[in-house]
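S.K.: Protein chains in written order, with my numbering: chain A, 1 to 424; chain B, 425 to 698.
Be aware that a few hints might be false.
As the list claims (entries may be wrong) - Once the Cα atoms are required to be at most 20 angstroms apart in a straight line, the calculated SDA-like pairs of lysine to any residue come out as: (1) A/Lys-173 / B/Gly-490; (2) A/Lys-176 / B/Gly-438; (3) A/Lys-173 / A/Gly-200; (4) B/Lys-671 / B/Glu-645; (5) A/Lys-173 / B/Lys-537; (6) A/Lys-173 / B/Glu-645; (7) A/Lys-320 / A/Trp-393; (8) A/Lys-173 / B/Gly-438; (9) A/Lys-242 / A/Phe-207; (10) A/Lys-173 / B/Asp-496; (11) A/Lys-173 / B/Asp-495; (12) A/Lys-189 / A/Trp-393; (13) A/Lys-176 / A/Ile-159; (14) A/Lys-173 / B/Gln-437; (15) B/Lys-537 / B/Arg-630; (16) A/Lys-173 / B/Arg-625; (17) A/Lys-173 / B/His-497; (18) A/Lys-173 / B/Glu-492; (19) A/Lys-173 / B/Lys-671; (20) A/Lys-176 / B/Lys-537.
Source of the hints: derived by calculation from the structure; they are not laboratory data. Note that the structure is predicted; figures quoted are calculated from it, not measured.
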Amino acid sequence: MKLSWFHLMPWRWLPDDFRDRYHSVWVDLPNRLYDPERGHRLYNEYLDMLEYADQMGFDAVGVNEHHQNAYGMMPSPNIMAGALARRTKNAMLLVLGNSIALYNPPIRVAEEFAMLDVISGGRLIAGFPVGTSMDTNYCYGENPATLRDKYHEAHDLIIKAWAEREPFPWNGKYTKLRYVNLWPQPIQKPHPPIWVPGLGSLETWDFCLDHDYNYSYLSFSGYRRAQKMMDGYWEHAVKRGKSENPHRGAFFQQICVSDTDAQCEQEWWPHVDYFFNRCLHLYPGTSGAPGYMSEASLRAGIVAQVGNTSQNMGMNKTWKELCEQRYIVAGSPATVRQQLEELAKSLRVGHLAIGAHIGSAPIELTNRSTYLFATQVMPHLRPIFSEYEDIAWPKALPEEKRAQPGAQSAAVKTAAERKVGAAA
Amino acid sequence: MSAPASRLVDLGQGRRIEVLSAGSGAPLLFLHGAGGVPQWEGVLPILSSSFTVHAPLLPGYGQSVGLEALDDHFDLFFHCFDVMEALGLERPYVVGESLGGWIAAEMAALRPKEISRLALAAPIGLWRDAAPVVDIFGYTTHELVPFLFHDTTCPAAQMMLGVGAMLSDKDDRTEAQVEFLLALGRGFKTAAKFLFPIPDRGLERRLHRITAPTLVVWGTEDRLVQPLYGKIFVEKIRGARLLTIPKAGHLICAEQPEPYGRALVAFGRGEQPR
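Please model the complete structure; the sequences and the hints are all you need to start from.
M.R.: Here is the structure:
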């Protein structure tokens, strides 16, 4: 299986009484809580963590897209990926934004993803999330009744823009362009692998299966609670006559690795507590605008679980509860290894995106966890599902064809700075 | 008071509309607000004692379907003219509440000659930064109720709070409750399609085209769409009159059906409202 190191990039300084003073971490949390100078150091620290994950041999480094919140500060995942494209060498770039219905015209996404793919030498995984209702409807003002329709049109346009070699007109309902003519084109043909994050709606399953895209179940409630959902996905895939190749699926799991189980709790609990009890403090009034979910999904949700969000999201739980219920996979390398083997096999996912930075964790702690994971857990997980072809992975340029960022600077500098009149 | 007759009218393009009709007399087209017409009560029985009231339900409400056929607000307005035509209504008296008030005003501006009289009860459709219309899609039911009602202990407010409780309960809903909630969701999807995120589609530029005698009604305690908007409507519509109703919030029909209904009847008959 492939292991991706995924960052959420939360704001680190939400006050202790945050939940009492503010009704949500998202949408209308006043930005006076944001401090750009702290933000400067935080972005760079977070990018350092991702670069370290590349150095430690993770298969991919991941970023995502959210707006107007303190839970994840990447309104533009492409900027993060652009920074990483130059500073990472081997890891693929798992960019689980862009919410393609938000961009006008959507070829902006086709262009930027193509740029990232070209700069990185074909290392891009292109994420096409619909986006949460908070992001798309409440922050970006997209109409919930037409969001998915617009998403599908944007998807069709982007795929066509990546494939066509001559300019073409696009007369859509949401986008009208006389000349679509994409410069640059992605390295990967016909296009970078596409991953679609979802939360269990039937339409998203079908969309992924129709196009052979990876379905990424991004949950904070851990792999045990995801079992029913992923079982449903695989059953649906079989029913649709699709292969059960585990690489059709990805799962996000938050993990903390320390030297021992006891040390893990001691080191990580404040940061885990910060995440579940501050970063996930959401207001139900803006959780889903009318029409955001299809009626089928709404029906399933109302019957099964709607309205108990805060309970499912892991709030007010103890360390022991979060560990036992697998909201987090935490402990010594042996503990984490054993639980993640169970995760891989029970969910049948060929891709695991780990959240190794949690809440308010500093870089020292995070990198220790990354190091222990990379050296003592990852080697045991890699062979799982290796008998299956990875249909959702980038076909990057081979090493010898890739540019080395910064490698020419010495020779270029000598030539540029030669004495006036000297031969070049 | 007798229950209204319900019938389905096929308008083509996948649109099949439920129309509730009751009463006798001159035709009155009633355009409902974002809550639909859950019961034939409040102002509707009062109006049907003097007029033949037709209350078509927008796609997504009741048994009406076909929202997909309406891409934008102009499709919506022309859809309502289609309904008028299908019902054979000649120059009706049009009464609209909130969302329906906006649609009614737009119709009267688009085809001024086809509407004989116009009554708008707390219509939306205008915007002032100093008095933002409350985001009906951005609150829990529980928190929205105080914006909608003057008196949150009134039966209609209590009923709405009950719906809110149904949403926050978990896993113990009856099948009927599930269907009820889904129906609510369908209606709100329609409302959102035309109102999200800011309920302003340019009506203000068109208000001057309205020629029908117009009555604008506002609850003095409306905290959802502040009474300030009533003044703008009567300033922009030639000859329009503003009637404010005390002890009423945004849902005038729920809190003060009697004075509100009497005023609508009197205005519809061409009398001066008292």
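S.K.: Next step is simple, just say for each hint if it's right about the structure.
M.R.: The hints, checked one at a time:
Between A/Lys-173 and B/Gly-490 the alpha-carbon distance is near 18 angstroms, which keeps this suggested pair within the 20 angstroms criterion. Between A/Lys-176 and B/Gly-438 the alpha-carbon distance is near 26 angstroms, which puts this suggested pair outside the 20 angstroms criterion. With a C-alpha separation of about 27 angstroms, the suggested pairing of A/Lys-173 with A/Gly-200 is violated against the 20 angstroms cut-off. Restraint check for B/Lys-671 and B/Glu-645: the C-alpha separation of about 6 angstroms stays at or below 20 angstroms, so the hint holds.
With a C-alpha separation of about 32 angstroms, the suggested pair A/Lys-173 and B/Lys-537 falls outside the 20 angstroms cut-off, and the hint is violated. Restraint check for A/Lys-173 and B/Glu-645: not satisfied, since their Cα atoms lie roughly 41 angstroms apart, outside the 20 angstroms limit. In summary, the hint linking A/Lys-320 to A/Trp-393 is not supported, as the alpha carbons are separated by about 36 angstroms, beyond the 20 angstroms threshold. The hinted pair formed by A/Lys-173 and B/Gly-438 meets the criterion: a straight-line CA distance of about 19 angstroms does not exceed 20 angstroms.
Distance hint between A/Lys-242 and A/Phe-207 is fulfilled; the C-alpha atoms sit about 13 angstroms from each other, no more than 20 angstroms. Taking the CA atoms of A/Lys-173 and B/Asp-496, the gap is about 11 angstroms. The hint holds against a cut of 20 angstroms. Taking the CA atoms of A/Lys-173 and B/Asp-495, the gap is about 9 angstroms. The hint holds against a cut of 20 angstroms. Pair hint A/Lys-189 plus A/Trp-393 holds up; C-alpha atoms about 12 angstroms apart against a cutoff of 20 angstroms.
A C-alpha spacing of about 16 angstroms is found between A/Lys-176 and A/Ile-159, which places the hinted pair at or below 20 angstroms, so the restraint holds. For the proposed pair A/Lys-173 and B/Gln-437, the alpha carbon gap of about 17 angstroms is at most 20 angstroms, so the pair holds. Straight-line distance between C-alpha atoms of B/Lys-537 and B/Arg-630 comes to about 15 angstroms, which keeps the hinted pair within the 20 angstroms bound. Pair hint A/Lys-173 plus B/Arg-625 holds up; C-alpha atoms about 18 angstroms apart against a cutoff of 20 angstroms.
Between A/Lys-173 and B/His-497, the direct Cα distance comes to roughly 15 angstroms. Compliance with the 20 angstroms bound is thereby established for this hinted pair. For the hint pairing A/Lys-173 with B/Glu-492, the CA-to-CA distance comes to about 13 angstroms; that is within 20 angstroms, so the pair holds. Note on A/Lys-173 and B/Lys-671: the hinted pairing is violated, with a Cα-Cα distance of about 46 angstroms set against a maximum of 20 angstroms. Restraint check for A/Lys-176 and B/Lys-537: not satisfied, since their Cα atoms lie roughly 36 angstroms apart, outside the 20 angstroms limit.
When held up to the earlier numbered hints, the structure conflicts with 2, 3, 5, 6, 7, 19 and 20 and fits the remainder.
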